[in-house]
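Participant: Chain by chain, the residues:
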Amino acid sequence: MAERILTRNFDVKDAHALRVYREGGGYQGWEKAKGMEPADIAEEVKKSNLRGLGGAGFPTGVKWGFIPKGSTAPRYLVVNADEGEPGTFKDRYLMEGDPHALIEGMLIAARAIGSHLGFIYIRGEYVQPWRILSDAVKEAYDAGLLGKNIQGTGFDFEVVVHRGAGAYICGEETGLISSLEGKKGWPKVKPPFPAVKGAFGQPTIVNNVETLACLPHIINRGGEWFAGLGTKTQGGTRLYSVSGHVVRPGLVEAPVSVTLRQIIYDHCGGIPSGRALKAVVPGGSSAAILTPDEIDIPMDVDGPKSKGSMIGSAGIIVMDETVSIPDALMVVARFYAHESCGQCTPCRESTGWIYKISHRIVEGKGRKEDLDTILDVAKRGAGTTICAFYDGAVGPYISYIEKFRSEFEDLIRRSAHA
Amino acid sequence: VADAKRPEFSAEQLAEVRRLQGLYPDKRGALLPVLHLAQDTFGYVSLEVEEYVAGLFELSPAHVHEVVTFYTLYFQQPKGRHVVAVCHNLSCHLLGAKGIIEHLTQTLGVEVGETTPDGRVTLLSVECLCACEMAPMMQVDDRYEGHLTPEKVDGILEGLR
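Residue numbers (the numbering used here), protein chains in the order written: chain A, 1 to 418; chain B, 1 to 161.
Only chain B is shown next, with the shape it has when bound in the complex:
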């Protein structure tokens, strides 16, 4: 398993970094995509990962840190094997997002922003994911789950190992 404390891309990944950098008029344009690749590889974006990526772009670690902390999708701490992000914006709020979040905190035994002790699930509440037609909804890893009820949430959680 790749180590976020001693990050190093494989030769194939380094080739992918070069390819991504070549797509932009200035290679720094590839910083966000490469940070996605780094997070997928190392699990999260540690300070060491920031420094490593900075080296690949000839940028200062401070610049990369500024970018990483600006966006919500880069995790600066290890996250659970699954991320459950419940929308708490207006349309979902109108249709019961609060109850869904409460159900999740009780069922998982964690507060919003925390990860279950077994490392299975990180629970987040987030701003609009633009799937208001299926409110209340949440993002589970790569996919959207909508029309949530406590029962439906339980079924989704059971599928997360």
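Just chain A, with the same shape it has in the complex:
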């Protein structure tokens, strides 16, 4: 069994309490980081091969470096805790089970980028995690770990916990920024990237909860150690959220070199009731679906990409042989139709129409041209919108139909004969 890093405190009683976190070695990463030069912290993170764990997989240390050199403007650290990718639940566990790991990670990141104000944007539905996290932030303030002149270092860092109000698009970093500014969560055109002009017009770094929770370990034990846990292009372990048709659904922490097959069969006990695997979503619903012959891949950033999919948020949804793929597509299409923010025409119109078409196929009213219509609409719109939301929707549209086309065709043919 591999060493538990991110989940190490999950079974510790009252790990959300500062005292308990500290007894387990908590805030030692910060103790070390506060004496380091900011550039050295960033260098250590670059060495660690830490990739953003929210979905995009961008190297964290590189992202930090995009803040313009010599800029004297205030800069903000924003935590993306707007977990919403279907199939994902890891950040909920982190915030409930080890909230100080996030706060410590924020402190380290803030020192590295020179930020004195951080926001944690947490989805509005996460009421319990919000309470636990807010209590932890308060405890950190009371202990002098947040606020002005932290531990006499002269370093100031304030943290505001900000509740969202229900919108998947606010997990997109520029949509999140719009929402944080008190607007509807419309993504913004890039460039300028948030690191140059982000929240409230100032340089802003948006990092995912899990990404930040890795930082105390990287600083404590070194970037090389962290890099050595993973593959050539990505360091560390990560949290895989596994749901659907497995014997033991739940959170799995494993080195990113773990294969999808190992996660499904070794960690989660395989498919229940002796049924066969039919399909699996490897990285949240926006990731293209994989077939049973495509699961011998490492679950780092590169593995799913090699099969035309993506690791995304590492939300794994397993489907057994009883699942109707057209039905699954309808459910996923309903989600994207509901959550499209409506700003860009290709996304607003296509998500709505593709849901309607997929719905009528499932209802037995499909037409033989429907599949090509969906594929045509999906492919035309990809890459034409302000944010990656529509590209995410296109992943399932195309892969479900192309990989299970005969199942769709049978359903439509039967409908035509009815």
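None of these hints come from the bench; they were simulated from the model. Remember, predicted model here, so these are calculated numbers, not experimental data. Misleading hints may appear alongside valid ones.
Derived contacts from chain B toward chain A, CB cut-off under 7 angstroms, selection only [as the list claims (entries may be wrong)]:
| no. | residue |
| --- | --- |
| 1 | 25 |
| 2 | 31 |
| 3 | 32 |
| 4 | 66 |
| 5 | 70 |
| 6 | 71 |
| 7 | 73 |
| 8 | 77 |
| 9 | 89 |
| 10 | 127 |
| 11 | 128 |
| 12 | 131 |
| 13 | 135 |
| 14 | 142 |
Derived pair list, reagent style DSBU-like, types lysine-lysine, alpha-carbon separation capped at 35 angstroms [what the hints assert, rightly or not]:
| no. | chain 1 | residue 1 | chain 2 | residue 2 |
| --- | --- | --- | --- | --- |
| 15 | A | 368 | B | 5 |
| 16 | B | 152 | A | 183 |
| 17 | B | 152 | A | 356 |
| 18 | A | 379 | B | 98 |
| 19 | A | 46 | A | 13 |
Okay, the calculated bits of chain A under chain B, using three or more residues with CB under 8 angstroms as the criterion [to be verified]:
| no. | stretch |
| --- | --- |
| 20 | 122–136 |
| 21 | 180–190 |
| 22 | 314–320 |
| 23 | 335–347 |
| 24 | 366–379 |
Built from N, CA and C at the ideal position, the CB exists for glycine as well.
Got chain A sorted already, so can you dock chain B onto it with the hints?
Facilitator: Then chain B, alone, in the frame of chain A:
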């Protein structure tokens, strides 16, 4: 009881509004938190509440309306004393969310999106709440309830007064 048709915060609540506004580089950043506070206070976000909140931020009522209608957690009509929101996204769907929703509509005698005539429960079906490991699941007010069966749902409903 605070009236959503004639909304007014108490002095303490107004102080809280000022505190929240002070946390952000631009006070408009506090709009979502203040709308949460308004909904908790007045029960829902009526047009009058939107106008009142707009005044606290020196924003147009249209801006606040645009925000309120964008997000799913702000109710523009009175809601039940309890809100039951069943996830209908993929993992929950695979494990029987449809049956749970049907059981709830039959038991409560309302359609999804409606409130029981006694004002006890508003029933919703919603997108992923990110608790797929306990699918099928739902949110009941502030808490998550998972591994649902019709029997478990009945027990949860009995606890809602």
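Participant: Under the constraints set out in the numbered hints, which ones does this structure not fulfil?
Facilitator: Violated: hints 8, 15, 16 and 24.
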